[in-house]
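**Student:** The lines below spell out each chain.
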Amino acid sequence: MSTVATKDKGQGLDALALEAPKAEELAALLVSKDRPPRPSALSASLTFGWRAMLKIKHVPEQLFDVTAFPIMMVLMYTYLFGGALAGSVAEYIQFLLPGILTMSIVMITMYTGVSVNTDITKGVFDRFRTLPIWRPAPMVGYLLGDVIRYLIASVVMLTVGLVIGYRPHGGVLGVVAGVALLMVFAFAFSWIWTMFGLLLRTEKSVMGVSMMVIFPLTFLSNVFVDPKTMPGWLQAFVNNSPVTHVATAVRELMAGNWPAADIGWTLGWSAVLLVVFGTVTMRLYNRK
Amino acid sequence: MSGHPGPELAIETAGLVKVFGENRAVDGIDLAVPTGTVYGVLGPNGAGKTTAVKMLATLLRPDGGEARVFGRDVVREADAVRGRVSLTGQYASVDEDLTGTENLVLLGRLLGHSKPAARARSAQLLEAFGLAEAAGRQVKNYSGGMRRRIDIAASILNTPDLLFLDEPTTGLDPRSRNQVWDIVRAVVAQGTTVLLTTQYLDEADHLASRIAVIDRGKVIAEGTKGELKASVGSGSVHLRLRDPAQRPEAERVLTRALDTAVQLDADPVALTATVNGRASDLGAAEQAARALSELTAAGITVDNFALGQPSLDEVFLALTDQKSGTTDETTDETTTGATA
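Sequence order for the protein chains is A and B. For the first sequence, position 148 matches number 148 in the numbering used here, and the numbering has no gaps at all. When you read off a place in the second sequence, starting at 1, and then add 1000, the result is the number in the numbering used here.
Treat the hints with care, since some could be wrong.
Which chain B residues stay away from chain A? Per the calculated CB distances, all over 12 angstroms, these [as the list claims (entries may be wrong)]:
#	residue
1	Thr1272
2	Ala1289
3	Leu1292
Pulled from the structure, derived: some chain B residues nowhere near chain A, Cβ distances all over 12 angstroms [unchecked claim]:
#	residue
4	Val1019
5	Gly1021
6	Gly1028
7	Pro1044
8	Asp1073
9	Ile1220
10	Val1253
11	Asp1265
12	Ala1270
13	Glu1294
14	Phe1305
15	Gly1308
16	Ala1318
What the simulated footprint calls covered on chain A by chain B, stretch by stretch (three residues with Cβ under 8 angstroms from a Cβ of chain B suffice, anywhere in the stretch; the number is not a length) [to be verified]:
#	region
17	50-59
18	112-124
Derived from the structure by calculation, the hints contain no laboratory data. Just so it is clear, CB atoms sit at the ideal spot from N, CA and C, and this is done for glycine as well.
Go ahead and model the full structure; you've got the sequences and the hints to work with.
**Tutor:** Shown next as structure tokens:
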């Protein structure tokens, strides 16, 4: 921040390349052999989270999927289904917004897998892996950075929703509670993608697998319609899908209710996802 | 096995093996690297250098054998090893999207420095590496040499006891290569042990005090530079004649004088011949001098004459030949000699 001097970008690089290292200064620096104590697990994870923030700062284009994509989702589905399913757009948005928010965030999580996959092929991961730090820290830091991305997407979608007529009865508190719960679930759910990011060889295959998982999981839920009109076997799936529980919990919280059962299910699913896929991710990470 | 005497070893491996599918990338490597020196691991692409380094740096789990770094097992005590080593890989092990400063501060924080301490150390390192001007630029805009420097700077945020440099100068121009060499010398002068892998004999020659030559996952020779060169013994004589018409005659004279095959270059006045310094009582230079005088005696005008060091190719050919011919002779001879 204080040292960033971006004047004459691209120019004068040749001159810089010729600047020689200074042996005496270097020698003086190497004399000190004291090592500070290792950072705590939390501190190391937060440092990796900071790295994710720096990457957003340098490559702001990567925010496209958490800004333009969510806006498109809200507008498209509200105006496409609004009239047919709920009689009017204003009516439908009350039902749809928390659901489409859940769906979009769950969809966005798959970019975690893609970025882990591209990052792991670069040399910098080797350096992280030779550091004497808490092993899951790079992954946790990744996901902390992603939570910020999910928050941005949530704010964007809620803003668009409010503009086109969404009025949450739960007020600020209800909305914040709903988003917070969604963040917990998204964090836990993302470990599926860190696993695939480590497991699969190319970015493309990660994308392919993500689609296979995400499309059925998000569409076969109560995001768009009440499951009552679905055939029995589908209802059985939809009513037990984690996305349905999350969407219901978020919808009810934002409407000012306290959906204890669905909150419980959401937290339960989050814990299971975190334990199962977190463990597999770390095994793969250590073995890579 | 051979009982290396040294007081403390930075690296000690016994029968180290790594298998990828059918390929035995590292096939039973024994190394003993004394502390405080530059140890060169010389070998062509695919010889297993990087795989071996990755196992020693705790990045890969060996499939067989043992490896200890400062007496700590790289598998069972990986964390203790990580606390004392740093790795600069073949490809930039820094984040290309971040600036030089950000990269170093990030790693400084991960090594436990406070934010101000990490910033201070980063600024000093960038200055010492001649990167102060480029500190605020993203690493992806750095030249190859600058990248390599920031990479090494990242490896010495905490002065490591052992630094792995995996082909640190591959792809660099001569000036950048010399800068990296200067850095390596400065690092080792402060007591850090350096394990350097390279494909260039020249580089190992300039920096390393002991060298292991590896090929197809095995150590085919080990020793000081002097021992290694003596074991190879051959160099090349390059000649340029004034008159291309004299080349067939020159070829005959050389073949007889040096008792080796003579190679005709694409240039119609140039010839190259190998000189084997071990083949006779005369050293390579004396044999070459004698060949030159015989050419003069035969009335052939030689415009240019040069005796070159054995190239890596020649070292390999020689070492693999000796290995299949006189079994184990090189290994015995080169591991027991006095340290230069």
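**Student:** The structure should be examined with respect to each hint, and the outcome stated for every one.
**Tutor:** Hints, verified against the model:
no. : hint    : verdict
1   : Thr1272 : holds (35 angstroms)
2   : Ala1289 : holds (39 angstroms)
3   : Leu1292 : holds (40 angstroms)
4   : Val1019 : holds (15 angstroms)
5   : Gly1021 : holds (14 angstroms)
6   : Gly1028 : holds (22 angstroms)
7   : Pro1044 : holds (21 angstroms)
8   : Asp1073 : holds (15 angstroms)
9   : Ile1220 : holds (27 angstroms)
10  : Val1253 : holds (48 angstroms)
11  : Asp1265 : holds (35 angstroms)
12  : Ala1270 : holds (35 angstroms)
13  : Glu1294 : holds (47 angstroms)
14  : Phe1305 : holds (36 angstroms)
15  : Gly1308 : holds (29 angstroms)
16  : Ala1318 : holds (34 angstroms)
17  : 50-59   : holds (count 6)
18  : 112-124 : holds (count 3)
Violated hints: none; the structure is consistent with every hint.
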